[in-house]
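Engineer: Now for the letters of each chain:
Protein chains: 2
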Amino acid sequence: MKLEKSVFIATSLDGYIARGDGNLDWLDKANLSVPEGEDCGYVSFMSTVDVLVMGRNTFEKVLSFGGWPYEKKVIVLSSNNLEIPENLKKRVYSSAETPEELCNRLAADGIKRIYVDGGSVIQSFLAGGLITDITITVIPVLIGSGISLFGNTVKDIELEHISTKSYEFGFVQNKYVVKR
Amino acid sequence: MKLEKSVFIATSLDGYIARGDGNLDWLDKANLSVPEGEDCGYVSFMSTVDVLVMGRNTFEKVLSFGGWPYEKKVIVLSSNNLEIPENLKKRVYSSAETPEELCNRLAADGIKRIYVDGGSVIQSFLAGGLITDITITVIPVLIGSGISLFGNTVKDIELEHISTKSYEFGFVQNKYVVKR
Numbered sequence: 018m019k020l021e022k023s024v025f026i027a028t029s030l031d032g033y034i035a036r037g038d039g040n041l042d043w044l045d046k047a048n049l050s051v052p053e054g055e056d057c058g059y060v061s062f063m064s065t066v067d068v069l070v071m072g073r074n075t076f077e078k079v080l081s082f083g084g085w086p087y088e089k090k091v092i093v094l095s096s097n098n099l100e101i102p103e104n105l106k107k108r109v110y111s112s113a114e115t116p117e118e119l120c121n122r123l124a125a126d127g128i129k130r131i132y133v134d135g136g137s138v139i140q141s142f143l144a145g146g147l148i149t150d151i152t153i154t155v156i157p158v159l160i161g162s163g164i165s166l167f168g169n170t171v172k173d174i175e176l177e178h179i180s181t182k183s184y185e186f187g188f189v190q191n192k193y194v195v196k197r
Numbered sequence: 018m019k020l021e022k023s024v025f026i027a028t029s030l031d032g033y034i035a036r037g038d039g040n041l042d043w044l045d046k047a048n049l050s051v052p053e054g055e056d057c058g059y060v061s062f063m064s065t066v067d068v069l070v071m072g073r074n075t076f077e078k079v080l081s082f083g084g085w086p087y088e089k090k091v092i093v094l095s096s097n098n099l100e101i102p103e104n105l106k107k108r109v110y111s112s113a114e115t116p117e118e119l120c121n122r123l124a125a126d127g128i129k130r131i132y133v134d135g136g137s138v139i140q141s142f143l144a145g146g147l148i149t150d151i152t153i154t155v156i157p158v159l160i161g162s163g164i165s166l167f168g169n170t171v172k173d174i175e176l177e178h179i180s181t182k183s184y185e186f187g188f189v190q191n192k193y194v195v196k197r
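Protein chains in written order, with our numbering: chain A, 18 to 197; chain B, 18 to 197.
Think of the hints as simulated: they come from the structure by calculation, not from any bench. Given the structure is predicted, the values throughout are model-derived calculations rather than measurements. Hints are not guaranteed to be accurate.
[Claimed, not checked] Capping the alpha-carbon separation at 25 Å, the derived lysine-lysine pairs in DSS-like fashion look like this:
{"no.": "1", "chain 1": "A", "residue 1": "172", "chain 2": "B", "residue 2": "172"}
{"no.": "2", "chain 1": "A", "residue 1": "196", "chain 2": "B", "residue 2": "78"}
{"no.": "3", "chain 1": "B", "residue 1": "78", "chain 2": "A", "residue 2": "78"}
{"no.": "4", "chain 1": "A", "residue 1": "172", "chain 2": "B", "residue 2": "78"}
{"no.": "5", "chain 1": "B", "residue 1": "78", "chain 2": "A", "residue 2": "46"}
{"no.": "6", "chain 1": "A", "residue 1": "196", "chain 2": "B", "residue 2": "182"}
{"no.": "7", "chain 1": "A", "residue 1": "46", "chain 2": "B", "residue 2": "196"}
{"no.": "8", "chain 1": "A", "residue 1": "182", "chain 2": "B", "residue 2": "196"}
{"no.": "9", "chain 1": "A", "residue 1": "19", "chain 2": "A", "residue 2": "90"}
[Unchecked claim] So, partial list: chain A residues that the calculated Cβ filter (under 10 Å) puts toward chain B:
{"no.": "10", "residue": "124"}
{"no.": "11", "residue": "125"}
{"no.": "12", "residue": "126"}
{"no.": "13", "residue": "128"}
{"no.": "14", "residue": "151"}
{"no.": "15", "residue": "155"}
{"no.": "16", "residue": "164"}
{"no.": "17", "residue": "167"}
{"no.": "18", "residue": "181"}
{"no.": "19", "residue": "186"}
The C-beta atom is built at its ideal place from N, Cα and C for all residues, glycine as well.
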């Protein structure tokens with residue numbers, strides 16, 4: 018029973034997933050040049066995912082957009098008590114498990130693939146050797162500072178390049194598998 | 018008389034051009050998987066370059082490799098006095114000019130394209146709006162910390178994606194032009 022732990026995310030060319038305060042204005046601006054109906058593989062990727070795992074910051078950011086975009090089960094990793102809106106309580110759960118504990122539980126439950134989202138959660142999964150594959154869509158802009166996708170890894174992490182797709186509107190999507 | 022100011026560089030997937038101490042062991046290791054004779058477009062790029070511009074750190078790093086790899090004229094930007102080995106004095110010059118002063122002088126001299134190399138020089142050219150195009154070869158490894166290619170840019174810098182080439186050994190080379 019193998020659990021795939023996947024990242025699917027956009028970064029600026031200088032490797033940030035958001036400005037320091039979480040602002041995505043640069044991404045929203047870039048998205049204006051994306052033709053209607055083009056989702057850069059998001060729906061296709063999402064269709065392979067059983068459960069989303071994110072941190073508190075990402076959860077609160079998504080909530081701030083108004084409305085809730087996910088049909089699938091979401092687990093929010095948080096060591097502190099998390100307030101989950103009443104209407105989401107059947108789809109959103111919080112957990113204080115470590116990434117490893119969570120993965121073991123989900124694998125035992127027969128879950129096949131989780132979508133790991135948000136800078137600090139991605140980084141803690143990476144540090145634990147728990148990420149299987151990473152799809153990064155690189156946006157052609159430098160924003161200079163912000164929340165870095167990878168942060169400081171303690172040791173080198175080698176990846177295998179799987180595929181690259183470049184879009185006519187300037188995004189480049191790369192898929193890598195983390196080497197064991 | 019238009020002077021092109023070009024970057025041609027390799028980075029780790031997390032955006033570093035070297036470890037903090039300048040070490041390129043991760044790149045040397047990755048290069049072991051590159052077939053003999055494959056230079057990822059380096060010779061072709063170099064054939065379009067008239068002058069190389071680099072900083073003191075890059076100059077000293079190149080010197081430390083032993084031998085001197087460049088036939089073309091090299092200008093080392095350094096505010097301090099630079100010691101240039103006797104055998105290089107006909108090809109290597111130091112300058113305390115600002116990037117803008119240097120570009121104006123070279124353009125007036127009829128130079129068509131310079132190769133801007135090294136983290137801090139690239140960053141000061143970028144900050145001055147002086148980079149024309151950037152070719153980045155992304156190596157499939159995370160090294161976690163080091164000398165960042167882009168550093169902190171003061172404002173957003175938008176780029177136009179020109180081309181992407183992925184190599185079977187896992188490198189992905191992207192070319193961008195800086196938007197004016």
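Engineer: All hints, please: hold or fail.
Structural biologist: Verification of the supplied hints:
no., hint, result
1, 172(A) - 172(B), "31 Å, violated"
2, 196(A) - 78(B), "30 Å, violated"
3, 78(B) - 78(A), "44 Å, violated"
4, 172(A) - 78(B), "24 Å, holds"
5, 78(B) - 46(A), "39 Å, violated"
6, 196(A) - 182(B), "22 Å, holds"
7, 46(A) - 196(B), "15 Å, holds"
8, 182(A) - 196(B), "22 Å, holds"
9, 19(A) - 90(A), "19 Å, holds"
10, 124, "24 Å, violated"
11, 125, "29 Å, violated"
12, 126, "30 Å, violated"
13, 128, "26 Å, violated"
14, 151, "9 Å, holds"
15, 155, "7 Å, holds"
16, 164, "13 Å, violated"
17, 167, "4 Å, holds"
18, 181, "4 Å, holds"
19, 186, "8 Å, holds"
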